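**Q** If you want the building blocks of each chain, they are given just below.
Number of protein chains: 2
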Amino acid sequence: MTVGIVKQELWDERARAEAAASAPPARRRDGRQRLLEGALALLAERGYAAMELRDVALRGDAPRGSIYHHFPGGKSQLAAEAAALEGERVRAHIERSLAERGLRETLLLFGGIFRRRAADHPDRIGCPVAAAALARPEDPALAAAATAAFRSWEESIVTALRGEGVPARQAGPFAALVISTIEGALVRARAAGDHAPLDDAVAGLAQALDALLAGTRARRARRSA
Amino acid sequence: MTVGIVKQELWDERARAEAAASAPPARRRDGRQRLLEGALALLAERGYAAMELRDVALRGDAPRGSIYHHFPGGKSQLAAEAAALEGERVRAHIERSLAERGLRETLLLFGGIFRRRAADHPDRIGCPVAAAALARPEDPALAAAATAAFRSWEESIVTALRGEGVPARQAGPFAALVISTIEGALVRARAAGDHAPLDDAVAGLAQALDALLAGTRARRARRSA
Chain R
290 MTVGIVKQEL WDERARAEAA ASAPPARRRD GRQRLLEGAL ALLAERGYAA
340 MELRDVALRG DAPRGSIYHH FPGGKSQLAA EAAALEGERV RAHIERSLAE
390 RGLRETLLLF GGIFRRRAAD HPDRIGCPVA AAALARPEDP ALAAAATAAF
440 RSWEESIVTA LRGEGVPARQ AGPFAALVIS TIEGALVRAR AAGDHAPLDD
490 AVAGLAQALD ALLAGTRARR ARRSA
Chain U
290 MTVGIVKQEL WDERARAEAA ASAPPARRRD GRQRLLEGAL ALLAERGYAA
340 MELRDVALRG DAPRGSIYHH FPGGKSQLAA EAAALEGERV RAHIERSLAE
390 RGLRETLLLF GGIFRRRAAD HPDRIGCPVA AAALARPEDP ALAAAATAAF
440 RSWEESIVTA LRGEGVPARQ AGPFAALVIS TIEGALVRAR AAGDHAPLDD
490 AVAGLAQALD ALLAGTRARR ARRSA
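In order, the protein sequence lines correspond to chains R and U. So that you can map any letter, position 21 of the first sequence is 310 in my numbering, and since no number is skipped, the others follow by simple counting. So that you can map any letter, position 204 of the second sequence is 493 in my numbering, and since no number is skipped, the others follow by simple counting.
This is chain R alone, in the form it adopts within the complex:
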């Protein structure tokens, strides 16, 4: 479960670079932000049901007593805001990577990031947004935050595919394929405690993208011939 974490890491790298460029750096994050970071880590590692508020405070290096001050709705509100934050970070990251590297390199990049992440924490690979997804039916608002995040990632990929000349009727299903594949591969990587399922899934996606683009080029060539 973690397009999330991947992109979290992408985001972390960007955030570190930006923090280094402006002073004072990371310490400035306020208590609210630290609680959100703690919630994201625990959602990815343990899922929503097992996310304990005392651990969120510990992980986020924030006073536990501040949780209800920042999040009067408690665990449910904290998780929903964390999922929305992750959704937005990942979306921004996909957009940036698409603009800088294009679609194929963006897919391959995820493979490399997962590989590093799995090397560091092989047993804890997970996606906070997928964790939010599984909170349905108990917490529909939290699940809705997950769906909104998935859709926003999909839309970025649809836009990139359309830019490559892929017709809308093919761009939608392919974008759905990308997001579902990464989320499913994260479940498998968690089970395996290893990045191999992610590498395989990314290779499968790259191959499918090549075939899709080859079909698009062939149709164009026929049309202009």
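Just so you know, the hints here were simulated from the structure itself, not pulled from any lab data. Every value quoted in this text rests on a predicted model; they were computed, and no experiment measured them. Don't be surprised by glycine CBs; every beta carbon is placed ideally from N, CA and C. Hints are supplied without guarantee of correctness; some may be wrong.
To be verified - The following label-pair restraints were derived from C-beta to C-beta distances:
hint: 1; chain 1: U; residue 1: R512; chain 2: R; residue 2: R512; range: 21 to 29 Å
hint: 2; chain 1: R; residue 1: R353; chain 2: U; residue 2: A503; range: 54 to 62 Å
hint: 3; chain 1: R; residue 1: G363; chain 2: U; residue 2: E394; range: 54 to 62 Å
hint: 4; chain 1: R; residue 1: D499; chain 2: U; residue 2: A485; range: 21 to 29 Å
hint: 5; chain 1: U; residue 1: A457; chain 2: R; residue 2: R404; range: 17 to 25 Å
What the hints assert, rightly or not - Counterexamples of contact, computed for chain R against chain U with all Cβ distances above 10 Å:
hint: 6; residue: R321
hint: 7; residue: R323
hint: 8; residue: D350
hint: 9; residue: H359
hint: 10; residue: Q366
hint: 11; residue: R380
hint: 12; residue: A381
hint: 13; residue: R385
hint: 14; residue: L387
hint: 15; residue: G401
hint: 16; residue: A408
hint: 17; residue: D409
We have chain R already, so just place chain U on it with the hints.
**A** Then chain U, alone, in the frame of chain R:
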């Protein structure tokens, strides 16, 4: 999370047909089997952490006192055997469907089954094998049962692709893509409480398969030309 459930339903249909053909039918399943069925349902719906043994007994219509008689290792053993059972059912089902309908129809069939399943229980879509996958690192044996199940499904699909002339270097990544996509789409369907993410993922897979097979045919045609 549920290639599992899909194929569970496929399996249920087959089991009902077989039960109807031989008397006496379903009632014959013994207590052990009923506990496994209860565990499968709860794993899919709630995940491993929230799977309570008293609810397993209730769901399976089995005496709670019999759990440790049948499964001396308790919850962990029960879940691992349930995941292995589901893995084998799904594998057998994929094999049967591949033999009877071929690869493309097998992919589309899953879409139709999910659609029915989601209509019945939109809030409870889930895969017991994915639930087992997420039990790592707490229960590595359970996660290993999930990995074995995922691999066995993948192998069936690799064999079918090889039969269509797809080279090994492409068949492996594509099979990985299929399994990860379905698992990821089930996470998304759970979040949405709706089958649409599954339909989209299946459409994306069918499109990717068409492109893969078209490439295979084109290479063959060039070679024999």
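**Q** Take the hints in turn and mark each one as holding or not.
**A** Checked hints:
Taking the beta carbon of each, R512/U and R512/R are about 27 Å apart, inside 21 to 29 Å as hinted. At about 58 Å, the beta-carbon gap between R353/R and A503/U stays in the expected band of 54 to 62 Å. Range check, G363/R to E394/U: Cβ separation about 48 Å, and the 54 to 62 Å hint is violated. Separation of D499/R from A485/U is about 27 Å and conforms to the stated range, judged on CB atoms against 21 to 29 Å.
Taking the beta carbon of each, A457/U and R404/R are about 23 Å apart, inside 17 to 25 Å as hinted. Listed as outside the interface, R321/R is consistent with that label: its C-beta sits roughly 25 Å from the nearest C-beta of chain U, beyond the 10 Å cut-off. At roughly 25 Å from the closest C-beta of chain U, the C-beta of R323/R stays outside 10 Å, upholding its exclusion from the interface. Annotated as non-interface, D350/R keeps its C-beta farther than 10 Å from every C-beta of chain U; the closest such distance is 23 Å.
No beta-carbon of chain U is positioned within 10 Å of the beta-carbon of H359/R; the least distance is around 25 Å. Against the 10 Å criterion, Q366/R stays outside the reach of chain U, whose nearest CB is about 18 Å from its own CB. Against the 10 Å criterion, R380/R stays outside the reach of chain U, whose nearest CB is about 16 Å from its own CB. No Cβ of chain U comes within 10 Å of the Cβ of A381/R; the nearest lies about 21 Å off, and the non-interface call holds.
No Cβ of chain U approaches the Cβ of R385/R within 10 Å, the least distance being about 23 Å, so the stated non-interface status holds. Separation of L387/R from chain U is adequate, the least Cβ-Cβ distance of about 18 Å exceeding the 10 Å criterion. The beta carbon of G401/R is kept farther than 10 Å from every beta carbon of chain U, the shortest such distance being approximately 16 Å. Separation of A408/R from chain U is adequate, the least Cβ-Cβ distance of about 15 Å exceeding the 10 Å criterion.
With a cut of 10 Å on Cβ distances, D409/R stays outside the contact zone with chain U, its closest approach being about 14 Å.
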